[in-house]
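Same order as they appear, the protein sequences are chains A and B. Here the numbering used here runs 266 ahead of the position in the first sequence, where the first position is 1. Here the numbering used here runs 294 ahead of the position in the second sequence, where the first position is 1.
Any given hint could be a false lead.
[What the hints assert, rightly or not] As a list, the in silico DSSO-like pairs of lysine-lysine whose alpha-carbon atoms are at most 30 angstroms apart:
hint, chain 1, residue 1, chain 2, residue 2
1, A, 484, A, 295
2, B, 391, A, 358
3, A, 359, B, 391
[Claimed, not checked] Computed, partial: chain A to chain B, Cβ under 7 angstroms:
hint, residue
4, 379
5, 380
6, 381
7, 382
8, 383
9, 384
10, 385
11, 386
Think of the hints as simulated: they come from the structure by calculation, not from any bench. The structure presented is a predicted model; accordingly, all values stated were derived computationally and were not measured. Ideal Cβ positions, reconstructed from N, Cα and C, are used throughout, including at glycine.
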Amino acid sequence: MSSYATISPQVSVVFADVKIPATIVKALKGLVDETLITIDSSGFKLSAMDPARVSMMILEIPVSAFLELRVERELSIGVSMQNLELTLEGAKKTDKYVLTSDGEFVEIIVEGLPTRRFKFRSIEIPKEVPNIDVKFDVDAIVGLDPFVVAIKDIASIGSYALFKAETEDLLEIYEASNKRGAARLSRSAGSLIDLRIDRPSSCSYEVSYIEKALSLAKLASQLQLSFSSDAPIRMVFPLVMGGTATFYLAPQVS
Amino acid sequence: MAPRIYIEHLESQLSRWLLAEYWSSYRIAGDLLTITGIEIPGIRSTSKRFHELVDPSEAIILDPQADRELAPEDLEGIDAIVIGGILGAHPPMGRTKKLLSDRFPQAIKRNIGKQQFSIDGSVYIALEIIRGRRLREIPITLGITIRRRIGSIEHEIELPYAYPLVGGKPLISEELLALLTGGGGYELEFRRPKHE
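Chain A on its own, in the form it takes in the complex (with noise of 0.2 angstroms):
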């Protein structure tokens, strides 16, 4: 590491550059409060919850994603977002970003000119994140760019998506209310890449969260959405430089 930390790390995540923690930061933006970060030599995972606890995002990335990745001993810290948003006021696409932590204190360092450093708290969060036991009818994999379209145009017309699947060449997408604005993920369009369905379902889940998520939409190359009848969906997303993000979302109370 080449800046120093203040504090004594137990563990320290170096990332190449603000991209990673920039986009990270946007998707949770105006979803959660704060986040559970561990690290561990294995890699890094946050877990957040917005504060209705209708949604969920966990994000996994693999220590070969790093520019560097020490752990001393395996550490949980809790981070708000406001505080994470602030570390990001400024920062040029080329910094460094460096998280370091002792267990009390997190330090971070946004390594450029002028190399600035924050340095805060780490906050109490439960550890424990829901375990979301749900059987999937529904698994597809489809392109991103026509997928984030298809939810731009909903969210412009109405609050809920309505995610439909009868046959295992056609995800339909609606505005839940009056079925406008429908756009077919199909696999002769080349937006479907891939659809297995054990019983045709269809769910309606709110748009605004699923938009927030699909900031992530840069950092990954396609998107696997599982849903099913009166269940929360899941958005995987595999990420470019390794892991995945995860985020679910609960139906609509009908």
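Use these hints to put chain B onto chain A, whose structure you have.
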């Protein structure tokens, strides 16, 4: 006649940081200063390059990579002291040499130390040497840390440049400090002065 001081603007853009340094330079040197390569309303400046205004063979380029230090006697018969209008890099990339010294082999090159100085700090030192002071008589500090609190967060900004000390304090403009801190309170910490 005393040489004029030129800042040759060499960045592709005029950032707020650079502009703060140029204004600070103007406040230090007044109309003895000309900024070349860009027009800035309110400051004596021109879109012409310095070599269009003075004969480069009668100019001294301040370059940290120059072999010799600038001394008052170097200024005899010299029309211009030229300072690169460059935002530094850490570690230094030698851009003054690349963008100025190598392009004007006929110009004299001098350093005011091997460190990267702020632009306004370089203007201050050039002016002091025009006034007859020797480099060793001008105290400097290497690196400044700006400390402040944002709520419960301890925030530090590290500037790795060299700064002349004026009245025992590093010469850094309030405008630049406000730009870096967003206003509000702060403490300046600087390392042990050299040349004292």
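Structure-based check of each hint:
no. : hint             : in the structure
1   : A:484 with A:295 : holds, 16 angstroms
2   : B:391 with A:358 : holds, 25 angstroms
3   : A:359 with B:391 : holds, 26 angstroms
4   : 379              : holds, 5 angstroms
5   : 380              : holds, 5 angstroms
6   : 381              : holds, 4 angstroms
7   : 382              : holds, 5 angstroms
8   : 383              : holds, 4 angstroms
9   : 384              : holds, 5 angstroms
10  : 385              : holds, 4 angstroms
11  : 386              : holds, 5 angstroms
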